[in-house]
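Next come the chains, spelled out residue by residue.
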Amino acid sequence: MSPKVELMHITKKYENLVALNDLNLTINNGEYLILLGPTGSGKTTTLLLIAGLIQPDKGGEIYIDKLSVNNITTENRNIGFVFARYALFPHLDVVENLIYSPRVKGENLKESRQSAREMLELMVLTGRGGALPKELSGGMKQRVALARTLMSGAKLLLLDEPLGALDARIRMALRNELRKIVKDLKITAIHATNDITEAFLIADRIAILREGTLIQIGTPVEVYENPQSIFVANFLSDTNFFVGKIQKVEKNSTLIELDDGLRAETNKTSKAENSRIVLGIRAEDIQIRQKININEPNHFHGEIESSQFISGTNRYEVYLENKERVIVKEKATHEWFEEGDLVTIYFHPRETLIFDYPEEGLEKALELE
Amino acid sequence: MPEIKLSNISKHYDKVIAVDSVNLTVRNGEYVALLGPSGCGKTTTLRIIAGLTLPTEGEVFIDGKDVTYAPPGDRDIGFVFQHFEIFPFWDVWDNVGYGPKLRGLDEMEIEKRVWEALETTKLTDKVNDFPDELNTPELQRVGIARALATGAKLMLFDEALGALDPKVKAIFQHELRKIVKKNKLTAIHVTHDQLQAMAIADRIIVMRKGRIVQIGKPTELYYTPNDIFVANFLGESNFIEGVVSNVTEIGSEIRLRDGSILRINEKAIKLGKRVVISIREELLKIHSIERLNALNFIPGKIIEYRFLGDRHSWTVKLDTGETVGVKEFARVPPSFNIEDIVTVQMDTSWAVVFPYPSDGLAPHLSLE
Chain V
1 MSPKVELMHI TKKYENLVAL NDLNLTINNG EYLILLGPTG SGKTTTLLLI
51 AGLIQPDKGG EIYIDKLSVN NITTENRNIG FVFARYALFP HLDVVENLIY
101 SPRVKGENLK ESRQSAREML ELMVLTGRGG ALPKELSGGM KQRVALARTL
151 MSGAKLLLLD EPLGALDARI RMALRNELRK IVKDLKITAI HATNDITEAF
201 LIADRIAILR EGTLIQIGTP VEVYENPQSI FVANFLSDTN FFVGKIQKVE
251 KNSTLIELDD GLRAETNKTS KAENSRIVLG IRAEDIQIRQ KININEPNHF
301 HGEIESSQFI SGTNRYEVYL ENKERVIVKE KATHEWFEEG DLVTIYFHPR
351 ETLIFDYPEE GLEKALELE
Chain W
370 MPEIKLSNIS KHYDKVIAVD SVNLTVRNGE YVALLGPSGC GKTTTLRIIA
420 GLTLPTEGEV FIDGKDVTYA PPGDRDIGFV FQHFEIFPFW DVWDNVGYGP
470 KLRGLDEMEI EKRVWEALET TKLTDKVNDF PDELNTPELQ RVGIARALAT
520 GAKLMLFDEA LGALDPKVKA IFQHELRKIV KKNKLTAIHV THDQLQAMAI
570 ADRIIVMRKG RIVQIGKPTE LYYTPNDIFV ANFLGESNFI EGVVSNVTEI
620 GSEIRLRDGS ILRINEKAIK LGKRVVISIR EELLKIHSIE RLNALNFIPG
670 KIIEYRFLGD RHSWTVKLDT GETVGVKEFA RVPPSFNIED IVTVQMDTSW
720 AVVFPYPSDG LAPHLSLE
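Protein sequence lines correspond, in order, to chains V and W.
Under our numbering, the first sequence has 267 at position 267, and the numbering climbs by one with no breaks.
Under our numbering, the second sequence has 704 at position 335, and the numbering climbs by one with no breaks.
For the record, the hints were derived by calculation from the structure and aren't laboratory data.
Heads up, simulated BS3-like pairs for lysine-lysine below, C-alpha to C-alpha not over 30 Å straight-line:
1. K248(V) to K323(V)
2. K323(V) to K550(W)
3. K323(V) to K481(W)
Computed from a predicted model, the values in this text were never measured in an experiment.
Could you put the whole structure together from the sequences, leaning on the hints where they help?
Right under this line is the structure:
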């Protein structure tokens, strides 16, 4: 059975720096959890704490299968650890690398070789058992490193930017495989990354960290559909933000007056009239068409400032008449807008996100570092 | 706004051919990306343009002048590296002013250039900060400001955004393009990231194993790749095998392994020929019907689903035995379940047909 991991009131301070601030987190049996956040958000610290490579400050407890492991050494936690930089023994071939740890533990050579062969098959590395690391590509080396970690029989796998050192395109190919392997082996995995697409593709649940604090956790759908902060809304997708105030609340609709004279309508708020809010609209929730003469809420006019095709998507920057810039993304078709085209953009009252205006200001709330 | 021309450039290291007969023209004011996997020769090509590496064969021309053996300092080039190469004991102003000073410009001119570069890169409030007080994106801005301040009109970027977080990178790449365009620079940008290449470049030069495989605008490479490697490397493609079963006035019909027929626009192929069809994931559409005996409909079973925010990602095992990915741009809940028996409709207007390679598909799909 793959283990359940619980972190309770975990804080980790280094002199003036709070690396983690009262983290409470449960990772269920066989769950694939992604720790997502910018550099310095506390992802690696969390992994190192679970591994027992560093200790939490007083008051924090880590449980693996209900057992407090605070006094249990790394070796005895039965954990596999994969880093961005694969550390393979350069003078040993792939199979020798895989059976190194079982051999040190005194396990049967024949059985170890057999499980190494099975592992290679799982990693789509069949036939490469005799190759030296230098004869393998980066993607292959990282799969061997993963295979070697899994050979230890650990049922809890910690991965710290496991695809970080690979070329972008190989990374794309490997992330699908990674989830499949972990699920096939029914292990619990905790994987730190700063790559949003990687998180969406791989995770059962995503835990979003910022400056040492867990700010939201949920399935990909939950965190995407219901971001609980401006930061999360911005981090998970290209979101456009407008500052304004609630003008009028009606039964199924709320009117918002934006600071720059635009009017918006949402059916998603419980905020009081006159309260100061931030309206968020995801780039993919905006429709764009040739300029039409219409003066309704949620219809803004502007000029295409840049038009780019990125992998099946058109990405536009629209310079609005009120001098704000909006990003719009849509599935590429046979027709597209060019720089200088006059357009009208529209979003549905349903496809809106409403937040209280942040005390620290909008810019600070969006800060990525 | 210089024009760069590489004529038959090769670079050999002992037995390794890093760059193999590269011919390339980068126009005045053009922003191009050199894209390819690690070891494809893109960085070596860039270094040859910069004069940091000498070619074994061929010539480099800048504005028609042969600079093949000219030292880097004589080429009027701004170079930005992945690891910034910022002087740690100098503040931002001194780092950015280094280039103009080296060129022996007078104080006023130096002052002017540095401020312009700092303004462009949004660093005016960081002038007196030292590198250890800056975060990674700010350091990267300093690297770019320093290259701009030299006044060079040719910018070379070597994985210049490689050290940034993906989210920061995605924002910054658009800014970088704006800077280049606004200042009317010619830029050559090395990257292994196909999304970044599409986001920044007017044209992309795809390299593999020292050679140029294809040059074109992002849309050209995406919709009309001339090579299986390019079709696979840019974007997400499905590859389906078949045999040409009919050639008519309006196109050709390809019979797949399960007997389904795809009709494509391509006419210049021979009856009976074995082919591979490359089709983008977003040009496939799933229908919840078991079977439809019509052109471009292939039966299969859903085996995987992932929610990607702005789109759904499905994996379908076709009755042909092949597995395809389907990307559905939709902001509605997913309409199918794992194990559902479905039919996949293929919009073949943008499908590309390749002759089945004599050495098999695998070597052409390799990402190295």
